[in-house]
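J.: Line order of the protein sequences matches chains A and B. One point on numbering: in this note's numbering, the residue at position 262 of the first sequence is 689, and numbering is uninterrupted. One point on numbering: in this note's numbering, the residue at position 320 of the second sequence is 351, and numbering is uninterrupted.
Hints listed in this document are in silico derivations from the structure and should not be mistaken for laboratory results. Where hints are given, some of them may not hold.
Stated by the list, open to error - Straight-line alpha carbon distances no greater than 30 Å define the calculated DSSO-like cross-link-like pairs of lysine-lysine that follow:
| hint | chain 1 | residue 1 | chain 2 | residue 2 |
| --- | --- | --- | --- | --- |
| 1 | B | 351 | A | 434 |
| 2 | B | 422 | B | 433 |
| 3 | A | 581 | A | 448 |
| 4 | A | 734 | A | 496 |
| 5 | B | 240 | A | 434 |
| 6 | B | 351 | A | 608 |
| 7 | B | 240 | A | 586 |
What the hints assert, rightly or not - Restraint ranges, calculated between C-beta atoms of paired labels, are given here:
| hint | chain 1 | residue 1 | chain 2 | residue 2 | range |
| --- | --- | --- | --- | --- | --- |
| 8 | A | 538 | B | 402 | 47 to 57 Å |
| 9 | A | 473 | B | 224 | 43 to 53 Å |
| 10 | A | 628 | B | 285 | 31 to 41 Å |
| 11 | B | 442 | A | 527 | 44 to 54 Å |
| 12 | A | 620 | B | 442 | 37 to 47 Å |
| 13 | A | 548 | B | 442 | 18 to 28 Å |
| 14 | A | 501 | B | 306 | 29 to 39 Å |
| 15 | A | 707 | B | 196 | 18 to 28 Å |
The C-beta atom is built at its ideal place from N, Cα and C for all residues, glycine as well.
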Amino acid sequence: MTRPLGKDLLGLEPLSGEQIKLILDTAEPFKEISERAIKKVPTLRGATIVNLFFEASTRTRVSFEFAEKRLSADAVNVAAAGSSVSKGETLVDTARNLEAMRIDMVVIRHGASGAAKFLADRIESNVINAGDGTHEHPTQGLLDMLTLRDHFGKLDGLKVCIVGDVLHSRVARSNIWGLTKMGAEVGVCGPRSLLPNAVDELGVRVFNRVEEAIEWADALNILRLQLERMTAGYIPSLREYNRVFGVSRERLERAKRDILILHPGPMNRGVEIDSDVADGPFSVILDQVTNGVAVRMAVLYLFSGGKPELAEAAKIGAGER
Amino acid sequence: MTAILLSGGRVVDPSQRMDDVADVLIVDGVIAAVGARVRNDAKGRDDLETIACDGLVVSPGFVDVHCHLREPGREEVETIATGARAAAAGGFTAVCAMPNTDPVTDNQAAVGFIIRQASLANAARVYPIGAISLGQRGEALAEFGEMVAAGAVAVSDDGKPVASAHMMRTALEYARTFGIPVADHCEEPTLAKGGAMNEGIVSTRLGLKGIPAEAEEIMAIRDILLARRTGGHVHLCHMSTRGSVELIRWGKERGINVTAEVCPHHISLTEEEVEGYDTNAKMNPPLRTADDVAALQEAVKDGTIDLIATDHAPHHYDEKEREFADAPNGIIGLETAVAVNITWLVEPGIIDVPILVERMSCAPARVFKLPGGTLRRGSAGDVTVFDPTAKWTVDATRFKSKGRNTPYAGMELTGRARCTIVGGRIVHRASS
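Bound-form chain B, shown alone (with noise of 0.2 Å):
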């Protein structure tokens, strides 16, 4: 094996509370020291890389618990290989794959087809969700315990909310046994159906069906309280609304174990994207309102949010070039997400850096119990070393991800991941 000596960036670890210019060693796939003097230590070893950090951010590695992959079943819009390339030049190390796949991610032969196809990807890691109901139908369990043996680290409908309580209840005890959350995309089925955007005066003016955001919210509460029933772990993904914040930092007060998790997109678009029926502003949570994004933000730095995930969800151009309504939901976002979040949350200073790596890294590691989110002497060496300054102008075409599928398409964004380490191994090197 080789050592790479990552040598005198800002190395932000706020699972140490470390934030200082330090070098960073790993060896043999795993973090072997950090410190002021480590590049004297490591002088002399013949299989040494260096690579210079001055001026940049050193961090664990970043971790997204949401995204969709699409293989099986769409390799024509995006594979794991594909999607563990665009997550490796996004600055992120391991990713979870949602199992609304085709055929469905629901028992232990599809999960160990994910771990291989991974495996062979060589990029960043990809750990399998298991799916909730079988064929995600909200009808019956799915086999968790098979599913956990072969490597999937949590389960989830999404995609679809689990529209039985009873169903969620009953899935937040069995998956207490195997010690995993159970991710739940929230929305009432009956209020938001047919709903293509967020429901308020820019859906009525442009004569779009909308989805309010009590879709969102009556369904986070009732997580909320079957969490709280059976003491499960409940993980509200994509949550989307100032009233969804509000109940989490309810449950969050009185102890219930409620993780959550917000979009990059949730914290710096608004329902106004829509306007001119732009299908790249089309997802599912839609985008809402300033004052949503506010209180996303807010949520963001004191934790009521947890972490950020993408929801990276690639459709082919054909899909997205149609009439609004008929249009699928969802954009990319594993190559803009740690600069959409530099640009709307650390540049205007509502977080700082370690804030940022926290909810990027650390905290998604720890909810999903996860290798990686830490630079502690001999844990997975996946780090990620990125430039918090660097302006860039979004061009979807030089993605690896296959989807193009972007709002930001166009924009000058700031902050971009210039080396991704996964156990060890470069998987991905920008030029500056």
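Next up, chain A with everything else stripped away, as it sits in the complex (with noise of 0.2 Å):
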């Protein structure tokens, strides 16, 4: 079995340029599939893979299971509320037992930090992050390049200024380590106390006006902004982040060129989005959640150790695994 990925994708910051790469390519033969009426190929029949979810999701749940239906495998989905978890399992003795139940794949999605990592060390399977506590969420930043690329059929030179909660975001590692190794210029722009203090380490241009991201970008890459961080005391208000941060249609026309508008979602219409943004010309937010299935059916397909030459040929269950 060749495994030009490694058994894990835990990040993307321990990927290479090229690797990151042959995962979009990859990505690309695997659109077409959604696209059909019937939308399912044998690629991936026999397989079992455990989405083990330890926190809500809706999207990035929904998304792994339609690109494992779509490509036959057996999924079960495990949410912590109604688990054994619940009743105070460890993480360690979840991944145990799920191991012994022969699965081939797991993709968790976790409220602590490292904990992908923590499961991966701990079981044969392969373990496909889904969002660990504030470290990363790979599949996110992929879809986020993969959008990017298929806008402006590159991703080397790009500008692309991240918006928003970056200290407490792992989309936002995630992409500034995905975009920085495809040669793309990486921005982030927020409220100071958002961002994390070491901020300058990371590679990135950093704004504190909006305005002056909007400036500079060729393209937005929006987060949500939590409730709780605002209880929490990181600012003020939603009212003046609104004011201060949020990405209007003004602001976006002052700058007098097209800049193309990116968020992971769920969005906040009104405080770091506004609707007519959100709903705009150049938001490709729909087109994100499109690609988000093809991207993870790539990672499944490869990280199952698929041949990334033959991924067109899977698509009517010729590939090799």
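Both chains are sitting in their own frames, so use the hints and assemble them into the complex.
T.: Okay, here's the thing in structure tokens:
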């Protein structure tokens, strides 16, 4: 079995630019499957995958589930609530029990940074990180990059600014690593209290004012602002956040050029993004969701041992694993 | 009683500025003689046990002023007996037990319990440290007077900071009455809240909430200023940052009654150890940067840091085998301390063996006013014999401690205790 990417997808930081390109390229042929009337290929027939979600998630879980189903894998969802986890079972015991059922792959979402790595170190199955604490969310980073590449035709030299709560964002970290490795320039913009103190060491440009970020960027990736950041005292109010950092049509129009708008969702309309921007002509927010399924199909295919050069053939079930 | 002759070792006793090849004779539990021809005087005693110490260092016994022995309350993790045996195996003749047990050691009866358990253990001496506040809740002072009368040697709310500056001030003043130090765990709680490691680029990359250096430094300078105001003796536990070193230096230059300790892990390891989310690299204060390590090493050399203490903190395997943010803080240290100190301080030439003995034996005994820390004639027969060049690989499964949580597992270290003598009794003897 070939493993061009290693056993697990824990983040984009450990991957090389070539490996990231491989995943994005592999996602291309998988896009078409979701456009068919019968959205199913036999590629992962017989593979068993557990979607182990310790945090509530609709978008990511459903996206993984569609990716698994469209590849004919046998997928089981385990949500933390209602499982033995809520009875006090430790993560290591949960992992061992899953392993004992001879599964092939685990997709894990967990509130603790490092939880995916913890699991990967202790089980033989492939582990796909679907978001761990404030560490990484690699498939989100990949689908953001695929969407940018679809639109601009390249990532190299692109200027992408991440706007919002970078401090608590796993999406921001995966985007910073992924885009930087693919040759893009990355900016971050947000209140200093929501940027990491060591942000300057991440190799990104820092903007204090969203107007400057808009002036500079080809694309904005706007992060969701969690309500609890206000109650925890990081910012005074959502109202002021919107007035200072909210991406509005007026602010975008001042740039006098088109700026692509991304958002990992779910959106707080009227807080970090105004509705006329979210629904406007330069928003690719729904394209991100569509690409999410293709990227996750590519990830499942590659990490289960699929040969990248056979991804096209894999669509009809002829690809080797 | 018997007599023990430690013959032909390099006798290092900074309390007498001594560093010579000599013999040490211990009779009836006290140091009877130290010198070149002591073996002749001892000749003919039929109760004499002679231990050849050629090539080894003979020093006053190591004293650890900061460890957690978990009894009462968490006997499955450590007991006073297993902790005292681990101490002996590490070359410590005396240790001070922190009061964050369950129940908290905040009254004379609890202090008496520890003294009794220690006497039954028959290993290293164990001195209780009483709590500053009842239940370590930071609300009402514990009864220092009764605890001292029962055998407590200091007070501390270690594990928790004394959040209230007023409480700290009062504790320093009240402790002065009894001549004991107030040992503080310096951590500004609102800054450190939820933190799992040092704040910096590594915490940013790993997505772990950081604890900034300032959380320690703010409390360090607060305590130093309160010691100046009150004249009390403040002892700053487990200092971990360059800034703290500078603040302590500032205080000492002004004659303020401040002493400070550093742990072996803070002079040897950096935040990089957390990479891969290794919970055995999780402790509070956290591992800091290479620059902090360099500053702390320099402070051990120049005496800004008075002494080295382990902060030995055993945890059950299951407690550490979990998500990083949820794992408890702390590592064991009694059985690796001298080796870590030799490997990272003596071998690279930062300090010599006499300074090592000063920081591990003389200074801790002096600062906490404990017996030992000297080989003067008539003092307690607490002696450590160690091999400063022995190389060994850390295998936690062989420790006397019940704890296995060490970041040094599998590492090759230099330096090992060969024989530990407490009150003239051999409590540890390693096969060479």
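J.: Work down the list of hints and note, for each, if the structure agrees.
T.: Here is what the structure says about each hint:
1. B:351 - A:434: Judged against 30 Å, a Cα distance of about 25 Å means the pair holds.
2. B:422 - B:433: holds (23 Å)
3. A:581 - A:448: Cα-Cα ~11 Å, so holds.
4. A:734 - A:496: holds (20 Å)
5. B:240 - A:434: holds (28 Å)
6. B:351 - A:608: violated (34 Å)
7. B:240 - A:586: holds (29 Å)
8. A:538 - B:402: 47 to 57 Å: holds (51 Å)
9. A:473 - B:224: 43 to 53 Å: holds (48 Å)
10. A:628 - B:285: 31 to 41 Å: Roughly 36 Å apart at Cβ, these two residues keep to the hinted range, so it holds.
11. B:442 - A:527: 44 to 54 Å: violated (34 Å)
12. A:620 - B:442: 37 to 47 Å: Given a distance of about 40 Å, which is inside 37 to 47 Å, the answer is holds.
13. A:548 - B:442: 18 to 28 Å: holds (20 Å)
14. A:501 - B:306: 29 to 39 Å: Cβ of residue 501 of chain A to Cβ of residue 306 of chain B: about 35 Å, so the range 29 to 39 Å holds.
15. A:707 - B:196: 18 to 28 Å: violated (54 Å)
Checked against the numbered hints listed earlier, the structure breaks hints 6, 11, 15; every other hint is satisfied.
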